[in-house]
Amino acid sequence: EVQLVESGGGLVKPGGSLRLSCEASGFTFSYAWMSWVRQAPGKGLEWVGRIKSTTDGGATDFAAPVKGRFTISRDDSKNTLFLQMDSLKAEDTALYYCTTGPATVPRGIWGQGTLVTVSS
Amino acid sequence: DIQMTQSPVSLSASVGDRITITCRASQGISNYLAWYQQKPGKVPKLLMYAASTLLSGVPSRFSGSGSGTEFALTISSLQPEDVATYYCQTYSSAPRTFGQGTKVEIK
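Protein chains in written order, with my numbering: chain A, 1 to 120; chain B, 1001 to 1107.
Source of the hints: derived by calculation from the structure; they are not laboratory data. Some clues are possibly wrong.
Claimed, not checked - Stretch-level coverage of chain B by chain A, calculated; a stretch enters the list once three of its residues show a Cβ under 8 Å from a Cβ in chain A:
no., segment
1, 1030-1041
2, 1088-1096
Unchecked claim - When the alpha-carbon atoms are kept at most 30 Å apart in a straight line, the in silico BS3-like pairs for lysine-lysine are as follows:
no., chain 1, residue 1, chain 2, residue 2
3, A, K13, B, K1042
4, A, K89, A, K67
5, A, K43, B, K1103
6, A, K52, A, K67
7, B, K1045, A, K52
8, B, K1107, A, K52
9, B, K1039, A, K43
10, B, K1045, A, K67
11, B, K1042, A, K78
12, A, K89, B, K1045
13, A, K78, A, K67
14, B, K1103, B, K1045
15, A, K43, B, K1107
16, B, K1042, B, K1107
17, B, K1107, A, K89
18, A, K43, A, K13
19, B, K1042, A, K67
20, B, K1042, A, K43
21, A, K43, A, K67
22, B, K1039, A, K89
23, B, K1103, B, K1042
24, B, K1045, A, K43
25, B, K1039, A, K52
For each residue, glycine too, the CB sits at the ideal point set by N, CA and C.
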């Protein structure tokens, strides 16, 4: 079964750090360009960032609100995607999803999300 | 960065109605446009990519059109199970911006 499972969310104080993980199964993860998308409570979808496949160079790109604070990495040997979040702000509070996106096969696979709450 | 603007923000229509949601890109994105459906409390579901290619299992009442900067998602006969928020997303380049969403309700 094709699946993505996120973990690592929780409550963190402003200025703190958190590392999210996304474990993939059922497809060739090493070929996949992977993205993180977040959704603040009651709000719309916001693209956070993306990492290309290692064979395509593994480059990352980020949305402006998180650039310089968030890092995306991958461990293809463990079929796992990571989102390192530093200098967290209250406005980073959201449900964070990992996804294959519309361009990578298999298309449109989403995890169930992991909740990040930034509050003192 | 490319901005994606959806309209309307919300709409209410009757079962069986034909509805159209539009998505405008601030610059040309060819056909690198995806549409998602998100039902309340659920994970987003990819409906189509490349502006008009439906994923397997998506009902044929859904269709997409457009290229360049103007795109549309049409539901030919609205059904109760189509109540959801719909999002467009560009993937022509980073950032892969989403539209702000269109909430569809039954009248």
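Original post:
If you check each hint against the structure, which ones fail?
Top reply: Those not satisfied are hints 8 and 17.
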